[in-house]
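K.L.:
In case you want the letters, here they are:
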Amino acid sequence: MMIAQHSLQLGQTSWVLDYRKAAYLPDHQLLILSDVHLGKVQHFRKNGIAVPQQAAQQNFTLMQALIDTYKPAHILFLGDLFHSQNNVEHQLLAQLHTANPNINLLLVPGNHDSAMLQQLPSYLQPTAVYHQIDNMIFSHHPPANLQPAHFHCYGHIHPAVEVRGGARQRLKFPSFLYTDAALVMPAFGNFTGSVAANQHLKQANKALCTSEGLWLMENHKFS
Amino acid sequence: MLFPHSQAWFKAKNWRPFDFQLQCWEAVATGKSGLLNAPTGFGKTYALFLPLLESLSRQPEQERTPGLKLLWITPLRALTADLALAMQDAAAGFGLSLRIETKTGDTVAAVRQKQRIALPDVLLTTPESLHLLLSTPDWESKLNHLSYFVVDEWHEMLGNKRGVMLELALALIKTKLPSLRIWGISATIGNLEEAMQVLLAAHWKTGLLVQSKHSKSTTITSIIPDNFEKYPWTGHLGLPIVPQLIPLIYKAKTTLIFTNTRAQTELWYQRILEVAPELAGQIALHHGSLSSEIRTWVEDALHAGKLKAVVCTSSLDLGVDFRPVEQVFQIGSPKSVARFLQRAGRSGHQPGASSHIYFVPTHALELMEAAALQQAVAENTIEARQPLLLPYDVLLQFMMTLACGDGFEPEHLWQLIRHTFAFQSISRTDFDWCIHFLVSGGQSLEAYDEYQKVGMLNGKVLALNRKVVMKHRMSIGTIVSDTNLAVTYVNGGRIGSVEEWFVTSLLPGDVFWFAGKALEFVRIKDLQVQVKKSTRTDGKVPSWMGGRMPLSSSLSAFMRQRCDEAAHHINHGPEMHALQDLLAEQEKRSHLPKTNEILLELLQLNDGNRMLCYPFEGRQVHEGLSALFAYRLGKSTPISFSMAMNDYGFELFSDQAIHMDATTWEQLLTTDNLRNDLLASMNATEMARRQFGEICRVAGLVFHGYPGAPVRTKHLKASYHLLFNVFHEYEADNLLVQQAFEQVLDQQLDEGRLRTALLRMQKQKLIIHQSKTPTPFSFPLLADRLREKISSEQLADRLKKMMPSGS
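Keeping their order, the protein sequence lines are chains A and B. Going by our numbering, the first sequence opens with residue 1, and the numbers climb by one from there. Going by our numbering, the second sequence opens with residue 224, and the numbers climb by one from there.
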């Protein structure tokens, strides 16, 4: 069965996973988006590769839709918000801010953000590399070790799940991966690739983001 | 004497000119263009090269102008070097001192530098290098004295994008040099007139088709397995027959063993050495993924007569002649008469010598194909090569090439390309779209944008900066290979390359067979697969995702005739005699279809329901037919089919019952709505996505990075899957996306042939046979594990079936 949202308890907190590749923490009014790669389309265009600009626009149409659904107080970008150097596409973020001036925008820095860190717009607040809320640790990169006392949430790997059926059938979907220790976010940007990561987290449950909704593969009960 | 210098040189060599050589000399001397069709080994080169020497010999030395006079284009770099040697020898024989040089990716820097200053008198090069020349600002002045333009092995380029590159280059050069003499050299194909038309474009009516009266005789022998009743009904490797071939290998000086895939060469090489270990050192492997050092070594050894046999793929279809080769084996179906003859022609290279080819079936039914080949060769029915129409990616690349050089005026280019065969029907709207896509990145100008590539200056489209030019010059060409990783020894030494996906299936310590050696996978480092030698004898064999060759329509028509004869109990030739029992079994268990019949077998086995159909149209058409039927059957009720197909027929398999009667059959065969049904039925989007990879590369939408500087382009990496997705979703009118779908319909599904097949099947009488046991015809299909799947079910239902454990 396809569902639009999946509500569950992860690390003592209530979470909502949304098929639009976002997560929401109702208790904290916090919307989480990972790996947006803002500016990637223009970066390609600047180099003579004519990727349609609508692809970039679509990210922000979707973000606004998510804001309208959840009415968050904060949006946490889990790294790689920016793809490369500053370019005109970054205006889209400014427009989002103008349209929603009361939402607090936070950025956990990722590897792609390094070129932008010195010139972040004033409305975007950088956090520490490991951003902590209660016992939850948010980072862009997977932590070297999962800390038993904490719950980790990270991005970076653009996880997807590839399902194979008989007759060479192969379908690949961006996916959430989660256990009772960690949640890996799918990449939000629609001009980003994804990597089949069926084995990334041992015995992880998966929520596949298809165009029709979330498809859950929850084979493993939490300990 | 009309050609005193040429005749004298021939006489000195103790040769006599052939009819076609004299005809060409005459035609070229009178300023004509045309196409030459002559067998190999008869001196085609001299037919079109000597006119230059003849005319130069008549000029006093001081009157000769320096600069390029003859451009000689070949599809293979390897050919240029040997041709240059032969030409230099002839020039010396005429007492002329000429610069005859090659210009390819292999040309050394010093020679290239010299060529940048002044081109030689004769330049042998490839279509790609020619385009590189056109991307320099002063190409026009460099070609000032060009009088002859020869395209060697034109049939090899006619049906692909390299042919279109040549058409475009020629159209441009002709506007500057209207009296240029253009000649093609082609092997025999079914549409020589059309081949000449494509090459000469607007001037084809005055062109001359020169055909040699000489032809090389070809002897075809089919290998009938000794133990035929035990020979497999299915399979594609043919390894059990190897022991029978060893004595034949010993009989001849050198044998070329052609297989259809690179993986098959590796397996055959191993098997031959297992059966005849004493051949070690006397046999070799040759395929496109081996490093050029290894290939060159094999080719040199072949020339020198040091090898008894070489197992190879189409990598040796073309190229220079190996005189020691006395016979050729073709393992499995060659898929077309033309390829079969081409391979046969690799043996017996002296004029007058005959070619000898052995057809080696890989399973029993393939003998029927051998019988069909015999007839096709006897009747000289050779396939046509269809020229490409409207490849927008090549046009975009060409526009960019011009923008990198002198720049171009859109109006001028518009006039020019409409005279090419490939773009004769292009609409002004589509042409303008291409210009717009290049100049402003396909977007309206009001939108914010940082797109940069070309600009307009004084009415000309010009590249914006040097970086753009550099990038483009590095990606000129239309030959696209999958991402390949070099295979090297840990301590250095390149062996060849394998595709990335194969490497991802390896773990350190795994052993695989490559270049005839067992190699242990150590690690991937700097985009290299590092290996060391292994003594283990097990191990995987890498396979390469090469294109599958479709069975040609002429060959399939002959196959249906053979089947018809068998149904009438007429079995000509040793092949059909050997097949008698098998065909009798088919008749006993089911039916042998005559040419006016179409056979459907409905099999109910334990695992599900199958519908099998045998149109003998080749795998490609069967792929389309099976998907079309599955789609049309699923229109009324949701049903999932998996499909299998081979060159003889196809199978639809379902866990649900398949109902079939004359009315339903009629509905399946209708040509109404064919195009839409096909696009909807095949996973057309998925297929188009695969085509898009090549299109992206040709049109310059992916950039593979500067050599040695992969890091700087990291932020520019996107897979063509991703590119296809965004173009498909946000720019529906993008011509490149449309081209991807057209390529699927035209090339992958061959819509035209599929339509013909449907019309033929409508006229055939339907024979339905219900059975609970497999039949000889069905057996290879039942055993096929490479299945396609089509479903009219919802995504959620499909996922549920694929993941029974999902909730």
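Fair warning: there could be bad hints in the mix.
Straight-line Cα separation of at most 25 angstroms, SDA-like style, residue types lysine to any residue; simulated pairs [as the list claims (entries may be wrong)]:
no., chain 1, residue 1, chain 2, residue 2
1, B, 995, B, 899
2, A, 71, B, 917
3, A, 71, B, 289
4, A, 172, B, 725
5, A, 172, B, 758
6, A, 202, B, 925
7, A, 71, B, 581
8, B, 337, B, 358
9, A, 71, B, 961
10, B, 858, A, 115
11, A, 172, B, 436
12, A, 172, B, 581
13, B, 748, A, 211
14, B, 748, A, 210
15, A, 172, B, 995
16, A, 202, B, 230
17, A, 172, B, 358
18, B, 748, A, 62
19, B, 690, A, 211
20, A, 172, B, 337
21, B, 690, A, 200
22, B, 690, A, 145
23, B, 439, B, 317
24, A, 202, B, 726
25, A, 172, B, 828
26, A, 202, B, 879
27, B, 858, A, 88
28, A, 172, B, 690
29, A, 172, B, 877
30, B, 748, A, 141
31, B, 690, A, 62
32, B, 858, A, 111
33, A, 172, B, 527
34, B, 748, A, 87
The set of hints was computed from the structure by calculation and includes no laboratory data.
K.L.:
For each hint, tell me whether it holds in the structure or not.
P.N.:
Here's how the hints hold up against the structure:
For the hint pairing residue 995 of chain B with residue 899 of chain B, the CA-to-CA distance comes to about 35 angstroms; that exceeds 25 angstroms, so the pair is violated. The suggested pairing of residue 71 of chain A with residue 917 of chain B is violated, with an alpha-carbon distance near 44 angstroms, which exceeds 25 angstroms. Proximity of residue 71 of chain A to residue 289 of chain B is assessed by CA-CA distance (about 78 angstroms); at most 25 angstroms being required, the pair is judged violated. Using a Cα cut-off of 25 angstroms, the hinted pair residue 172 of chain A and residue 725 of chain B holds, with the two alpha carbons roughly 19 angstroms apart.
Only pairs whose Cα atoms come within 25 angstroms are accepted, and residue 172 of chain A paired with residue 758 of chain B is rejected, the gap being roughly 39 angstroms. Distance hint between residue 202 of chain A and residue 925 of chain B is unfulfilled; the C-alpha atoms sit about 35 angstroms from each other, more than 25 angstroms. Restraint check: the Cα-Cα separation between residue 71 of chain A and residue 581 of chain B comes to about 76 angstroms, which exceeds 25 angstroms; the hinted pair is violated. A distance of roughly 18 angstroms separates the Cα atoms of residue 337 of chain B and residue 358 of chain B; the hinted pair therefore holds under the 25 angstroms criterion.
Note on residue 71 of chain A and residue 961 of chain B: the hinted pairing is violated, with a Cα-Cα distance of about 41 angstroms set against a maximum of 25 angstroms. For the proposed pair residue 858 of chain B and residue 115 of chain A, the alpha carbon gap of about 53 angstroms is over 25 angstroms, so the pair is violated. Simply put, residue 172 of chain A and residue 436 of chain B have alpha-carbon atoms about 58 angstroms apart, too far for the 25 angstroms limit, and the pair is violated. Taking the CA atoms of residue 172 of chain A and residue 581 of chain B, the gap is near 46 angstroms; set against the 25 angstroms cutoff, the hint is violated.
Only pairs whose Cα atoms come within 25 angstroms are accepted, and residue 748 of chain B paired with residue 211 of chain A is rejected, the gap being roughly 37 angstroms. Restraint check for residue 748 of chain B and residue 210 of chain A: the C-alpha separation of about 35 angstroms exceeds 25 angstroms, so the hint is violated. Distance hint between residue 172 of chain A and residue 995 of chain B is unfulfilled; the C-alpha atoms sit about 38 angstroms from each other, more than 25 angstroms. A hinted pair counts as satisfied when its Cα atoms are at most 25 angstroms apart, and residue 202 of chain A with residue 230 of chain B does not qualify at roughly 81 angstroms.
Taken as a hint, the residue 172 of chain A and residue 358 of chain B pair is broken in the structure, with Cα atoms around 41 angstroms apart against an allowance of 25 angstroms. Using a Cα cut-off of 25 angstroms, the hinted pair residue 748 of chain B and residue 62 of chain A is violated, with the two alpha carbons roughly 40 angstroms apart. For the hint pairing residue 690 of chain B with residue 211 of chain A, the CA-to-CA distance comes to about 39 angstroms; that exceeds 25 angstroms, so the pair is violated. For the proposed pair residue 172 of chain A and residue 337 of chain B, the alpha carbon gap of about 53 angstroms is over 25 angstroms, so the pair is violated.
Of the supplied pair hints, the one linking residue 690 of chain B and residue 200 of chain A is violated, its CA atoms being roughly 39 angstroms apart against a limit of 25 angstroms. For the proposed pair residue 690 of chain B and residue 145 of chain A, the alpha carbon gap of about 44 angstroms is over 25 angstroms, so the pair is violated. Only pairs whose Cα atoms come within 25 angstroms are accepted, and residue 439 of chain B paired with residue 317 of chain B is rejected, the gap being roughly 30 angstroms. Under the criterion of a C-alpha separation no larger than 25 angstroms, the hint pairing residue 202 of chain A with residue 726 of chain B is consistent with the structure, at around 23 angstroms.
With a CA separation close to 32 angstroms, the supplied pair residue 172 of chain A and residue 828 of chain B exceeds the 25 angstroms bound. Restraint check: the Cα-Cα separation between residue 202 of chain A and residue 879 of chain B comes to about 37 angstroms, which exceeds 25 angstroms; the hinted pair is violated. Under the criterion of a C-alpha separation no larger than 25 angstroms, the hint pairing residue 858 of chain B with residue 88 of chain A is inconsistent with the structure, at around 48 angstroms. Distance hint between residue 172 of chain A and residue 690 of chain B is unfulfilled; the C-alpha atoms sit about 36 angstroms from each other, more than 25 angstroms.
This hinted pair checks out: residue 172 of chain A and residue 877 of chain B have alpha carbons roughly 24 angstroms apart, not beyond 25 angstroms. Using a Cα cut-off of 25 angstroms, the hinted pair residue 748 of chain B and residue 141 of chain A holds, with the two alpha carbons roughly 23 angstroms apart. Restraint check: the Cα-Cα separation between residue 690 of chain B and residue 62 of chain A comes to about 36 angstroms, which exceeds 25 angstroms; the hinted pair is violated. Of the pairs offered as hints, the one joining residue 858 of chain B and residue 111 of chain A is violated, with about 49 angstroms between alpha carbons and a cut-off of 25 angstroms exceeded.
With a C-alpha separation of about 52 angstroms, the suggested pairing of residue 172 of chain A with residue 527 of chain B is violated against the 25 angstroms cut-off. For a cut-off of 25 angstroms, the pair hint linking residue 748 of chain B to residue 87 of chain A is broken: about 34 angstroms separates their Cα positions.
When the structure is compared with the earlier hints, violations turn up for hints 1, 2, 3, 5, 6, 7, 9, 10, 11, 12, 13, 14, 15, 16, 17, 18, 19, 20, 21, 22, 23, 25, 26, 27, 28, 31, 32, 33 and 34 and for no others.
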